[in-house]
Amino acid sequence: MSDQSHEAYWRTNLKYLAILLSIWFLSSYVLGIVLVEPLNAIRIRGFKLGFWFAQQGSIYIFVILIFVYVHLMNKLDRKYDVDEK
Amino acid sequence: MDVQTWTYLIVGITFTLYIGIAIWSRAGSTSEFYVAGGHVSPLANGMATAADWMSAASFISMAGLISFMGYDGAVYLMGWTGGYVLLALLIAPYLKKFGKFTVPDFVGDRYYSNTARTVAVFCAIFVSFTYVSGQMRGVGVVFSRFLEVNVNTGVIIGMIIVFFYAVLGGMKGITYTQVAQYCVLIFAFMVPAIFISILMTGNVIPQFGFGGTTVDGVYLLDKLDGLHEELGFAAYTSPKKSLIDIYFITAALMVGTAGLPHVIVRFFTVPKVKDARISAGYALIFIAILYTTAPAVAAFARTNLINTVSNQQYSSMPEWFGKWEETGLISFSDKNDNGMINYVGDPDKNELIIDRDIMVLANPEIAQLPNWVIALVAAGGLAAALSTAAGLLLVISTSIAHDLIKKQINPDITEKGELKAARIAAGVAVIVAGIFGIYPPGFVAQVVAFAFGLAASSFFPIIIMGIFSKRINKEGAIAGMIVGLLFTSFYIIYFKFLFPGQNVTENWWFGISPEGIGTLGMIFNFIVSGVVSHFTPEPPKEVQEMVESIRYPI
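These protein sequence lines are chains A and B, in that order. Note that the first sequence covers residues 1 to 85 in the numbering used here. Note that the second sequence covers residues 1 to 554 in the numbering used here.
Pulled out of the complex, with its shape left as it was, chain A reads as follows (with noise of 0.2 Å):
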């Protein structure tokens, strides 16, 4: 593989990173800890919605994020051709 093909995988494998990684700064650091207050004053069913975000919904969140990045990953590594067969 050539080097700029290379350097396009890697710059795209970033991009995937900063876009995830500010998900998971928001749904914990931003939902669940400074907007806490004003979001409880929403309710879902018996839940404040601040409240269920810390300590419920980021955890589904983070989950969620691994395999979303699992699946761009695949799908990057075939078209760079850089996967394990």
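If you are wondering where the hints come from, they were derived from the structure by calculation, not from laboratory data. Just so you know, nobody snuck in bad clues.
Far from chain A, some chain B residues (derived; all Cβ distances over 12 Å): (1) Thr16; (2) Ser29; (3) Gly37; (4) Asn304; (5) Gly322; (6) Lys335; (7) Gly339; (8) Ile405; (9) Gln408; (10) Tyr494; (11) Gly501; (12) Val504; (13) Trp509.
Computed footprint of chain B on chain A; a stretch qualifies when at least three of its residues, placed anywhere within it, have a C-beta under 8 Å from a C-beta of chain B: (14) 19-26; (15) 36-46.
No residue lacks a Cβ here, since even glycine has one placed at the ideal position from N, Cα and C.
Position chain B relative to chain A; hints supplied.
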């Protein structure tokens, strides 16, 4: 059958299973001993990682801790799960491609320096011993609580079991025992949780029951907030700690998790880079099952407890109350001599003190569940403690046999000699851990903050920089690690050991508690490494090529 017989039966069966697996999966080479030959399937590795990670504290103490902290308990829930996102995205696949045995291996090779390797070995051993002493103590406590043997006898039985499969099987033995231990511990955690959820809210799934209504039609969490308000406790669903402290503690636990060597090394055991990615995902699913249930159990237990004890006659308390009073985990002093239990937020008027560990251990009794469920909780607690202990002992043994002896003291050692050294090191580590368990240093609770602080301020930044930058060199990494370590250690030692009386918000830097200071140590590490590297020569060409090569699966 009574609880005692059930406990002997279930604990006996699980222990036989662990020993059987150990005999079946003996390690024959150093590669098998260190990384199970690199042949573990991603799903099995996910389970093993979950058991490795969830310790006696996660199983026994966490739900109780949350039930007393309310919203603030989220620092543990987010902190101890969010780190897996960092592991899967930023660390595991690259270190798998690097393809050696240990974390100090990576640090030593990437920073072409035995000094860096030695600092890493020191941190790995310190962090692991800190952690393992708590696990052995946990084994002893579970034994004494449920089987009515002496705590020390319990620790010794635990030592023998761990000795057997860690020394014999190495990583290979540990991996497959951890898979079995995960199944035992998650079953043991979920069964009582589901029972209690049905009992309190009529919902089979605790995560839904958590947001559901109790028998009188009021939402559980509203009821809990109401009870708290009535009794003068802070509201359950609102923050009590300062925002900045919650922020820093959560971050320190997340990056600390991603930097713990016994967790990272699990991703060296799968065959491929893509397996390392997906197995971090599996691990987090398995962990999330317990971590999303724990806060529900916390809320159920808290409501149940307040309803049972608050403003009730002391003489009419159920049987479990007296039983746990005997162990000293519940204490009642009738300050106003009216025979009623006054459980309130005001410390001058409060008459009841409850240890947080009771919440999980006594929950089945409080909810009057069948005896076999109580026995199952004991087996689950033991599985959680033993699996974590084994993973940590392996890191200690590998650090000594591989990173110190093979890489530094005697590079000519044969494979057979190295394997023998690893087994001896594992054996000695088990004994030292057991001694810590029997004579727990008074500071065990404090050192947990230390373990995470050190992992956050040393390992995490240098691993991340080692992968994502080619410019960070030996000088920068060593300077950064030392600054991060010293700063974090001094801060924790100052407030936790030297002047615990001053450990209050007013004295903390920017209001950050010692538990969260690792985050600031990490930031210092990043800055110092960057600046020092900028003014010193760039790393040799072959190191830069190595960094390039770990970024691609092939």
